[in-house]
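Taking the hints into account, I'd like the entire structure generated from these sequences.
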Amino acid sequence: MSRLIRMDQTGHTTLAEWTAGDRASEEAAVAAFRAELDQGYFAVVSQGEGHAEQVRELPLEAPVVILRRPIAGG
Amino acid sequence: MMAVVDPLPELASVYWRPRATDHRLVRSGRLWTLSAVAHTMPLIIAAVALGLVNPVTVPVGLALVAHAWAIPELYAARGANVVRRRPPSSGEAERVALGLLCDLVGHSSRELHGRTGLVLERGGLGTWLVGEAGALLVRPGGHRVNCYCVKVADASMPRGDRIAHLLLALRADEAGFATVANLAFSGAPWRLRRRLRQPTREALDIAVKAARKR
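For the record, the sequence lines run as chains S and B.
Everything in the first sequence is counted per my numbering, starting at 1 for the first residue and increasing by one.
Everything in the second sequence is counted per my numbering, starting at 1001 for the first residue and increasing by one.
I should point out that these hints are in silico values taken from the structure, not numbers from a laboratory.
The model shown is predicted, which means the values in this text are computed figures rather than measured ones.
Glycine is no exception: its CB is placed at the ideal position from the N, C-alpha and C atoms.
Please note that a few of the clues may not be correct.
[What the hints assert, rightly or not] Here are some chain B residues pointing at chain S (derived, C-beta under 7 Å):
1. PRO1009
2. GLU1010
3. LEU1011
4. MET1041
5. SER1108
6. CYS1149
7. SER1156
8. MET1157
9. PRO1158
10. ALA1172
11. ALA1181
12. ALA1188
Quick look at the structure:
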C-alpha cells in the first residue's frame, strides 16, 4: 500500500493511502495530492539515501510521496 | 546528485542569483577570504605603523589588533549560528517527525543526528551537515566550509521535520539548494570549529574527514 504524507506541526499526517489497481483509492489520492499542491506544498519522492525526485503528478507506483513546505534563505 | 532533472521551485524567489556550481563556490570562497583580509589588514598595518612612529601608541595598536582578530571571529560565530539547536517542540510531534527523518537516512547518519542534531549527506559539491535552520557544506579536500542559513518558513514544525524539509530539497536539487540558501560564512573549518558547541564540533570533524577522502 502506498501513502501520501504531509510534513506538518504534528510530525506528519497521512492524507491518503492507495493500492495499485484500486481506482477509487487512487483517485482519492490524486485529488488529495492536487489539493495540497494548490495549497503551496511541493511533492517529493525519496529514492533512498542521497536521492529524491520532485514530482508534480502523483506517482502511483511510489511507496511514499512526501509533501513539504517551501524553504527559503534565512 | 548533481544531475538535476527538475530544479527546486524555490529558485523562482531568488531569480537574480546565478545557479551555484563548483566553480562559483570556489570563486565566492576566495571573495570571502579577500573580504576578510581587506577588513583586517588595514587594522594590523595601522597598529604596526603606530608602534613604529611612537611607542606610546602601542596600547592603541593592541586595540586595533584585537579588532582585526575579532572581525573574522564574528563572521565565524555568525556561521556557527546556522546550526545551533533550538528547543524541541511538543514530545509526540517530535517523535513522529524523528521517525520520518530516520526513515530517510542511513544508520550512521541516524546515530550522528542522535548525538549532534545534524544529518550528514554526501553531495556533488561536498559533504553537507544539515540542521534545522541551516546547513554546513565542507568542500572537497576539507579546507573550506560554507555555512548556509536556510529553513522551512513554518517555525511551528518539529525539529525532525525541519531537517527533513531541507534534506529532501538538498537531495532533489543540490545546486538549487545552495543557490536558495544564504551564505552566512565561508572559511577554514578550524575557525568555525572554535565557535561551535561540543556535539556540533564532532559532526564537523566527521564531515571534514569525509571531505578529505574525496
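Status of the hints after comparison with the structure:
1. Proximity of PRO1009(B) to chain S holds as hinted, the smallest CB-CB distance being about 6 Å (cut-off 7 Å).
2. Nearest Cβ of chain S to the Cβ of GLU1010(B): about 5 Å, under the 7 Å cut. The hint holds.
3. Below 7 Å, beta-carbon pairs count as interface contacts, and LEU1011(B) has none with chain S, the closest being about 11 Å; its hint is therefore violated.
4. The criterion of a C-beta within 7 Å of any C-beta in chain S is not met by MET1041(B), whose closest approach is roughly 30 Å, and the hint is violated.
5. Taking 7 Å as the C-beta cut-off, the interface hint given for SER1108(B) is violated, the closest approach to chain S being about 10 Å.
6. Restraint check, CYS1149(B) versus chain S: the minimum CB separation of about 4 Å is within 7 Å; hint holds.
7. Restraint check, SER1156(B) versus chain S: the minimum CB separation of about 5 Å is within 7 Å; hint holds.
8. Taking 7 Å as the C-beta cut-off, the interface hint given for MET1157(B) holds, the closest approach to chain S being about 6 Å.
9. Given hint, PRO1158(B) at the interface with chain S, holds; its Cβ is 6 Å from that chain's nearest Cβ, closer than 7 Å.
10. Hint on ALA1172(B) holds. Least Cβ distance to chain S is approximately 5 Å, under the 7 Å limit.
11. A least Cβ separation of about 5 Å between ALA1181(B) and chain S falls short of the 7 Å threshold, and the interface hint therefore holds.
12. For ALA1188(B), the shortest C-beta to C-beta distance to chain S is roughly 23 Å, which exceeds 7 Å, and the interface hint is violated.
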